[in-house]
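**Q** Chain by chain, the residues:
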Amino acid sequence: MAWTWFHRLGSPPYIYGLAGRLTAWFAWPAGLLIAYGLYAGLFVAPADYQQGDGYRIIFLHAPSAYMSVMVYSTMAISAAVGLIWRMKIAHAVAASCAVLGATFTVMTLATGSLWGKPMWGTYWVWDPRITFELLLLFLYLGYMGLRSAFDDLQRADRVSAVLAIVGIVDVPIIHYSVIWWNSLHQAPSLMKFSKPTMPPEMYIPILAMFLGFTLLFAALLLTRLRAEVLNRERAASWIRDVVSA
Amino acid sequence: MDAPPVSAPAGSPLAAAGLVVARDLKLAFRKRGQWIQPLIFFAIVTALFPLGISPEPSKLRAIAPGAVWIGALLSSLLALEFLFRDDAHDGTLEQYALSGQSLTWLLLAKTATHWLLTGLPLAVMAPLAALSLGAPIGSVPGIVTAVVIGSVALSLIGSIAAALTLGVRRSGALLPLLTLPLSVPVLIFGARATELAIGAESYSAPLYLLGAFAVLGVTLAPLASAVAVRISLE
Chain Y
1 MAWTWFHRLG
11 SPPYIYGLAG
21 RLTAWFAWPA
31 GLLIAYGLYA
41 GLFVAPADYQ
51 QGDGYRIIFL
61 HAPSAYMSVM
71 VYSTMAISAA
81 VGLIWRMKIA
91 HAVAASCAVL
101 GATFTVMTLA
111 TGSLWGKPMW
121 GTYWVWDPRI
131 TFELLLLFLY
141 LGYMGLRSAF
151 DDLQRADRVS
161 AVLAIVGIVD
171 VPIIHYSVIW
181 WNSLHQAPSL
191 MKFSKPTMPP
201 EMYIPILAMF
211 LGFTLLFAAL
221 LLTRLRAEVL
231 NRERAASWIR
241 DVVSA
Chain V
1001 MDAPPVSAPA
1011 GSPLAAAGLV
1021 VARDLKLAFR
1031 KRGQWIQPLI
1041 FFAIVTALFP
1051 LGISPEPSKL
1061 RAIAPGAVWI
1071 GALLSSLLAL
1081 EFLFRDDAHD
1091 GTLEQYALSG
1101 QSLTWLLLAK
1111 TATHWLLTGL
1121 PLAVMAPLAA
1131 LSLGAPIGSV
1141 PGIVTAVVIG
1151 SVALSLIGSI
1161 AAALTLGVRR
1171 SGALLPLLTL
1181 PLSVPVLIFG
1191 ARATELAIGA
1201 ESYSAPLYLL
1211 GAFAVLGVTL
1221 APLASAVAVR
1231 ISLE
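Residue numbers (our numbering), protein chains in the order written: chain Y, 1 to 245; chain V, 1001 to 1234.
A hint or two may mislead.
Taking lysine to any residue pairs in the SDA-like style, the calculated list, with each CA pair at most 25 Å apart, reads [stated by the list, open to error]:
#1 Lys-1031/V to Pro-128/Y
#2 Lys-88/Y to Leu-1233/V
#3 Lys-1031/V to Ser-183/Y
#4 Lys-88/Y to Gly-1167/V
#5 Lys-88/Y to Lys-1059/V
#6 Lys-1059/V to Trp-180/Y
#7 Lys-1031/V to Ala-1123/V
#8 Lys-88/Y to Lys-1026/V
#9 Lys-1026/V to Val-1045/V
#10 Lys-1059/V to Val-125/Y
#11 Lys-1059/V to Trp-126/Y
#12 Lys-1059/V to Asn-182/Y
#13 Lys-1059/V to Asp-127/Y
#14 Lys-1026/V to Leu-1216/V
#15 Lys-88/Y to Val-1148/V
#16 Lys-88/Y to Glu-1234/V
#17 Lys-1059/V to Trp-124/Y
Every beta carbon over 10 Å from chain V, so not counted as near; a handful from chain Y, in silico [stated by the list, open to error]:
#18 Gly-10
#19 Ala-40
#20 Ser-177
#21 Ile-206
In case anyone wonders, no lab produced these hints; they're calculated from the structure.
Beta carbons: idealized from backbone N, C-alpha and C, even for Gly.
Next up, chain V with everything else stripped away, as it sits in the complex (with noise of 0.2 Å):
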């Protein structure tokens, strides 16, 4: 692990980032199937409560905002497998290691992808979601902009999860566990920010700590997800 790279690196960082994103997006048009699966999933979710609960207008409208984060956390979790799984199977990751490039930049490229691939899609969904469930159509600018900032934060703990638990097999029951305690934050604000949304109220509070949580998400995130890719690959 601790070997130099036999050759000099090649090309920028940015550079680099950029051919993970564009391999990984190649690879997910050509899987399309793997993606849209989470995205039924939080319209079941969603579908769920109020079959769960009741259909009073009053209740749905009371319980949206709760069973829109709800949904999106769970489904975020749901997406976690793809994140680096077959890459740590056929040994993408390890060239990654090996590349002279920073693990920790590579893996940012990666989450950021994934979170094009479910966090934007989520973004759109959600505002159907709160709809369907009796938010006002006014609120649909405050519901995408506190699921887009909060589904960066929801990928980049659950990079840090789906790398913790590459080595086990069977990391079902695990990923939850690990990931959904620390999503707290993103549940409370990002619940908070939608639930005045939806009153007509402003938002910017709740959205401003959310961005808080994701910058500093951005910031520390892919360091732990790399030190736990490095551990699998020893």
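The following block holds chain Y by itself, in its conformation from the complex (with noise of 0.2 Å):
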């Protein structure tokens, strides 16, 4: 009897009704929090001594990065909790983190190479950091790649599961090597500023940014999940009276 909340879990109805019903439980401070965050990144905070105004993307460009690994481990444990369990819904969660990572990821790269220009002079260095988020963002890709290669849905979820069970393995690995590769090709001049630590006018809005991304990622990924429940189940005739509702 105690498991009755744990069952109910599997039930697309429900599912759908209970993410509805949190989406704005979430959506609302994400909204704030980032609002604050970015107020307070991009106005109040001081300029840094060393880069000026430049140095303020990084409330964008952190918790972007972040959230490309958060959301792919997210991912990965999802579609492994759909494997072992053969959770229908635990598929759904982890193919509606995929694009969600992959955006987040693509962010980090952009505001990284914008960073890049008025700091290194270029938009694009090998640095072992950008390096991991382009092969992260390749692996996105190649789950995106194999989930979609397949008509049946049942088989989609279950091939993409050992993809992601594989990669996030492999991730760690191809971060060390990275680093492990950077550090004998390239002089590491680049990223030595000296950080001193940083003033609360800095830290706390860019605890706020990574606090807000993540409510933000979890209601995004909330909606995500009604549509892919409302794909998935579009036969099914719950469906009709929610959709005439």
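Build the complex from these two chains, which are given one at a time in their own frames, with help from the hints.
**A** Here is the structure:
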């Protein structure tokens, strides 16, 4: 009896309703935190003594970079849950994660390269973290490509789940091999800005942005999950009641 | 898929793996042309680098490690088509899954045979390509060792991708997308070992890392391949 809440998670109509009710609870705090973080970061926080105002892109860049990795782990964990316990809704979560994660990764690359132009004098440097983000983007694209190659949704779910699990084992290895590669080939001068501890006017907005992005991801994930459930259950009768209501 | 085998499994796992290896080798000898193609492809790719960059020896020597490993990566990709495809079409994989022997173990045997037919010849070709790009003769043992170990890892990563795309009709463009990002550590460690070998320095450190990656592959890749093959049989 104590497990009824768990079994209900396997029911698409319940998930559809739950996701709809929860979205606002994540979306509003996310909007407020991001609005505060952007205002405090872009207008209130002092300029960096070395980078001037250029550093301010970090308020978008750092949270996106964190999300790009976090979303991949979320995707792999829910894919594993779906594969092991044959939980359809977990596969739907994994499927919803992929596009969001790829978007955060593209955002990280774009903001990083915009920052690189004034700081390094070039839009692209084979810096280990940039290179890793690029490879992560390829991993996301491979996952989405594999998923779209199957017409049968259940097979697409299970096959792409195996890829996500293989990916999460390989991601740390790729990460450290790229760092190792870079330490051999490049003079470690580019990133060595001496960083004094940030004043609170800087790090509090950054923390707000981290939390805001996490909540934003949750809200977007729930929205995509509803769309995913609608698409998967389009033959079911409860959909007609939901859509006509 | 979950039905128990009709008869008790006959023979030890080792004997079963031996049968798989013998069968695959026999089939490969009957289709020799198929296995030579990736090697010719490797030779062509490495020959394209001087044409595309410059015939200047100092430049060629600088790009030799990268050229050899990118050639190896691409040619291992080409050979993946033959790994499971024919056996999936004629039902052999299904029989393996039903045989009562561990599918993981049988797929490891298949991948090992595939490595014998593609990775090992590559270890012979790679030093030739490196020599043509200006590597000194003393670097040959290092390059051979690096390619022998690295191609094990490439075969194993490839076996996962090949198993995942079994149900896909046109997997040509998908295989590189799945395999290449996962193979980046092999490229990095392999090219570094080759670079050190060409520079007559100690190349053991990247070789150890390459070996560790290959061992991880031997341990985990057949498990993932077996799960993927079972999904494709559902």
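**Q** When you check the alpha-carbon spacing of Lys-1059/V and Val-125/Y, does it fall within 25 Å?
**A** The given pair, whose Cα atoms are some 22 Å apart, holds under the 25 Å limit.
**Q** Hint check: Lys-1059/V vs Asn-182/Y, CA-CA at most 25 Å. Holds or violated?
**A** holds (21 Å)
**Q** Decide if the proposed pair is consistent with the structure: Lys-88/Y and Leu-1233/V, CA atoms, cutoff 25 Å inclusive.
**A** Holds - the C-alpha atoms of Leu-1233/V and Lys-88/Y are around 19 Å apart, at most 25 Å.
**Q** Tell me if the straight-line CA distance from Lys-88/Y to Lys-1026/V falls inside 25 Å.
**A** violated (43 Å)
**Q** Taking the shortest Cβ-to-Cβ distance between Ala-40/Y and chain V, state whether it exceeds 10 Å.
**A** holds (37 Å)
**Q** Check whether the Cα positions of Lys-1031/V and Pro-128/Y lie no farther apart than 25 Å.
**A** Since the Cα atoms of Lys-1031/V and Pro-128/Y sit roughly 43 Å apart, the hinted pair is violated (cutoff 25 Å).
**Q** Would the pair Lys-1059/V and Trp-124/Y pass a check requiring their Cα atoms to be no farther apart than 25 Å?
**A** holds (23 Å)
**Q** Decide, holds or violated, for the assertion that all CB atoms of chain V are farther than 10 Å from the CB of Gly-10/Y.
**A** The claim stands: Gly-10/Y keeps its Cβ more than 10 Å from every Cβ of chain V (closest is about 20 Å).
**Q** Check whether the Cα positions of Lys-1026/V and Val-1045/V lie no farther apart than 25 Å.
**A** Distance of about 29 Å is beyond 25 Å: violated.
**Q** Verify the proposed pairing of Lys-1026/V with Leu-1216/V, using a straight-line Cα cut of 25 Å.
**A** With a Cα-Cα distance of about 29 Å, the restraint between Lys-1026/V and Leu-1216/V is violated, given a limit of 25 Å.
**Q** Is the straight-line distance between the alpha-carbon of Lys-88/Y and that of Val-1148/V 25 Å or less?
**A** Judged against 25 Å, a Cα distance of about 42 Å means the pair is violated.
**Q** Does the structure keep Lys-88/Y and Lys-1059/V at a Cα separation of 25 Å or less?
**A** Not OK: Lys-88/Y and Lys-1059/V at ~54 Å, beyond 25 Å, violated.
Checked against the numbered hints given earlier, this structure breaks hints 1, 3, 5, 8, 9, 14, 15 and 20; the rest are met.
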